[in-house]
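*Asks:* Okay, here's what each chain looks like letter by letter:
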Amino acid sequence: MVTPFTDRTRVSLAALTAAAVFVIDTFTRLQSAVAVLYALVLLIADDGTSRSHPSHLASYWACPCAALAVISFLISHGGRADTDEMLRLVASLAAITIAALLLARNRRLREQVRASDVRYETIFNSLALAIWEHDFTEVMAELNALKASGIDDLEAHLRANPAQVAHLCSLVRITHANDAAMRLLGMTGRSAFFERLSDFLPEEDQSFLAGLLALDRGSPTFEIECQVRTAGGDLIPIFIAMRLPTDGSGYDRVCGSVLDLTERKRMEKSLESARQERDEALHRAIIGGLSTSISHEVSQPLSSINAYLAAARRWLDRRPPDVAEARRVIAQAEHAGDDAAQVIAQVHDVVEQGRLKRSLVLFDPLVRRAAETIQSRHPAASFAVTAEAGSGRILGEVHLLERLVSSLICNVSNASPRPHEETAIGIATSVDGSYLRLKIACNSAAGPVRTTATDRRPAHLSAGGLALCRAIAQFHAGSIRVTGGGAGNGIEIELELPRA
Amino acid sequence: MNRTSPSPPCVAIVDDEECIRTALAGLLRSIDVPSALFESGIGLLEQDLSRFILVLSDIQMPELSGIELLERIRALAPDLPVALMTAYPDAEWRQRAQEKGAYRFLAKPLDADAVIAMIEGLLGGAGQA
Numbered sequence: 001m002v003t004p005f006t007d008r009t010r011v012s013l014a015a016l017t018a019a020a021v022f023v024i025d026t027f028t029r030l031q032s033a034v035a036v037l038y039a040l041v042l043l044i045a046d047d048g049t050s051r052s053h054p055s056h057l058a059s060y061w062a063c064p065c066a067a068l069a070v071i072s073f074l075i076s077h078g079g080r081a082d083t084d085e086m087l088r089l090v091a092s093l094a095a096i097t098i099a100a101l102l103l104a105r106n107r108r109l110r111e112q113v114r115a116s117d118v119r120y121e122t123i124f125n126s127l128a129l130a131i132w133e134h135d136f137t138e139v140m141a142e143l144n145a146l147k148a149s150g151i152d153d154l155e156a157h158l159r160a161n162p163a164q165v166a167h168l169c170s171l172v173r174i175t176h177a178n179d180a181a182m183r184l185l186g187m188t189g190r191s192a193f194f195e196r197l198s199d200f201l202p203e204e205d206q207s208f209l210a211g212l213l214a215l216d217r218g219s220p221t222f223e224i225e226c227q228v229r230t231a232g233g234d235l236i237p238i239f240i241a242m243r244l245p246t247d248g249s250g251y252d253r254v255c256g257s258v259l260d261l262t263e264r265k266r267m268e269k270s271l272e273s274a275r276q277e278r279d280e281a282l283h284r285a286i287i288g289g290l291s292t293s294i295s296h297e298v299s300q301p302l303s304s305i306n307a308y309l310a311a312a313r314r315w316l317d318r319r320p321p322d323v324a325e326a327r328r329v330i331a332q333a334e335h336a337g338d339d340a341a342q343v344i345a346q347v348h349d350v351v352e353q354g355r356l357k358r359s360l361v362l363f364d365p366l367v368r369r370a371a372e373t374i375q376s377r378h379p380a381a382s383f384a385v386t387a388e389a390g391s392g393r394i395l396g397e398v399h400l401l402e403r404l405v406s407s408l409i410c411n412v413s414n415a416s417p418r419p420h421e422e423t424a425i426g427i428a429t430s431v432d433g434s435y436l437r438l439k440i441a442c443n444s445a446a447g448p449v450r451t452t453a454t455d456r457r458p459a460h461l462s463a464g465g466l467a468l469c470r471a472i473a474q475f476h477a478g479s480i481r482v483t484g485g486g487a488g489n490g491i492e493i494e495l496e497l498p499r500a
Numbered sequence: 501m502n503r504t505s506p507s508p509p510c511v512a513i514v515d516d517e518e519c520i521r522t523a524l525a526g527l528l529r530s531i532d533v534p535s536a537l538f539e540s541g542i543g544l545l546e547q548d549l550s551r552f553i554l555v556l557s558d559i560q561m562p563e564l565s566g567i568e569l570l571e572r573i574r575a576l577a578p579d580l581p582v583a584l585m586t587a588y589p590d591a592e593w594r595q596r597a598q599e600k601g602a603y604r605f606l607a608k609p610l611d612a613d614a615v616i617a618m619i620e621g622l623l624g625g626a627g628q629a
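Which chain is which? The protein sequence lines are A and B, in order. Mapping of the first sequence onto our numbering: position 188 corresponds to residue 188, and the numbering continues sequentially without gaps. To convert, count from 1 in the second sequence and add 500; that's our numbering.
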């Protein structure tokens, strides 16, 4: 029991009470255990605190009170006390003793509570995690009132009434905050901490509405990323986690554990920036690497053009000029020019696709997708896909590889001497040691290309179409081999790529 | 160049790109020089090398590169000149070609006049022999 008096007043009152009890007990004829009233003296003397000064201890007063009771008994009765009078003395002494013991026990309990409070405060304030305590009592009262007024869809109502959400936010009191919370929000002293949640939650905040809905649903926890405003006015990103009451009570002490995300956000930004730089560098590296292969492929038709035009000039320089031959080689030069243009157009398409980056690409699904895409454009054509590369993967640029496989299939299909509706294209993947192979055949290959001393332009294959294919294959450290192509026969293309 | 051929001098053109083979063949036909076209060096090595006055070969080819073809021809027919052509005319390839004894090192896109001049020079030397 904590008395409202000062120490001096309390001690004086206790002493006066003891004196009064002594006088009544000694000089009156009351047939009662008046000495029991000495227990009052102990109660008055005990100030209900844990201070250990003797004047605060009930036991300090118990002994004098017991002595006064005995003295009073001796004065009143001397050696002629009867049994009843003896029993009244014993009862009085017992009351004094019991009161002293009870008060001593209370003191011990208060000491334990005090030590527990000190320990709690120490832990609370030594945590590196910021914690503050919310009082949602008024908020819950208003939410219940809203639902009682007939609002079924609380979420829709609150979303349509942002002013009400702001009002509810202003009802949330902050009742306690630890040192870490003070530091997080730039506070200098506990008494200066924000009183209301609305004092440091930005107006544009959307997280409070989510919290209201969690309270309404009776969710046991609520976690969210949001921003809060420091005492200096800066916005800082935080992550807050709360355990919410689920039994309808405890809304006055809802603790929120708060993590400062400033450093994490900064690192995420740096990481994203580094990732963009890496992607950009990789993109440039891929384009650079590809450009070497592409320049090789473009130089082939250009060499052809040079040779054809030089030949045309020589045919025209003859006396008489061989115009027919000159026309023929000029026409072939035009075809070579078309091939070069085709390569350049395809390169342009590749570069236009945007970011290029390497990744592990599963070979079989890639081939199947390409075959299905081409099949959809040529429904009458027949594609027989035998995928035996299993989990074989290539480290490469997936868009380039898709273009490569699609172009090779198209080249074989276009090289067929038969129309599409009569063409059967066999597509087979396989694993050969550290390589993945793709064979695309149209009918059956007629064997190696026949060597010829003619300069007639071959009819089947588009040099421009295969040029970029070779460039992409080379870029991926692979190669392309073309066989067949004799009159009336289809061709077979074999692509070899290193396995990742 | 002291070399005689029993039949009209023929140039072997070795390149895995068909457009190059046919274009060079057309160029040589314009100066009345026959040519034999090969997709790979392996096909050429199966032939009688004595009927050729020049081998004009690409360097970057699958199976047998131009450099490797040069080495084999030097072993089989040391007097047969081998001119190498490449779309990657960097110093490393040039040095390797020179070390292996290439007759010429030509960069693509080819200078057609330079090719003609090289062949006419060989033919002139063969005629003088």
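Treat the hints as calculated values from the structure; they're not laboratory data. Note that the coordinates shown come from a computational prediction; the quantities given were computed from them, not determined experimentally. From the three backbone atoms N, C-alpha and C, an ideal C-beta is built for every residue, glycine too. Check before you lean on any hint, since a few could be wrong.
Said to hold, decoys possible - Ranges between beta-carbon positions, derived for each pair:
no., chain 1, residue 1, chain 2, residue 2, range
1, A, E372, B, I542, 47 to 57 angstroms
2, A, P498, B, E571, 18 to 28 angstroms
3, B, E546, A, E388, 27 to 37 angstroms
4, A, S270, B, I542, 39 to 49 angstroms
5, B, E592, A, R264, 32 to 42 angstroms
6, B, I531, A, E388, 29 to 39 angstroms
7, A, P379, B, R551, 28 to 38 angstroms
*Asks:* It remains to establish, for every hint, whether it holds in the given structure.
*Replies:* Hints and how they fare:
no. : hint                                    : in the structure
1   : E372(A) <-> I542(B): 47 to 57 angstroms : 37 angstroms, violated
2   : P498(A) <-> E571(B): 18 to 28 angstroms : 26 angstroms, holds
3   : E546(B) <-> E388(A): 27 to 37 angstroms : 33 angstroms, holds
4   : S270(A) <-> I542(B): 39 to 49 angstroms : 56 angstroms, violated
5   : E592(B) <-> R264(A): 32 to 42 angstroms : 49 angstroms, violated
6   : I531(B) <-> E388(A): 29 to 39 angstroms : 51 angstroms, violated
7   : P379(A) <-> R551(B): 28 to 38 angstroms : 52 angstroms, violated
Consistency with the previously given hints fails for numbers 1, 4, 5, 6, 7, ordered from lowest to highest.
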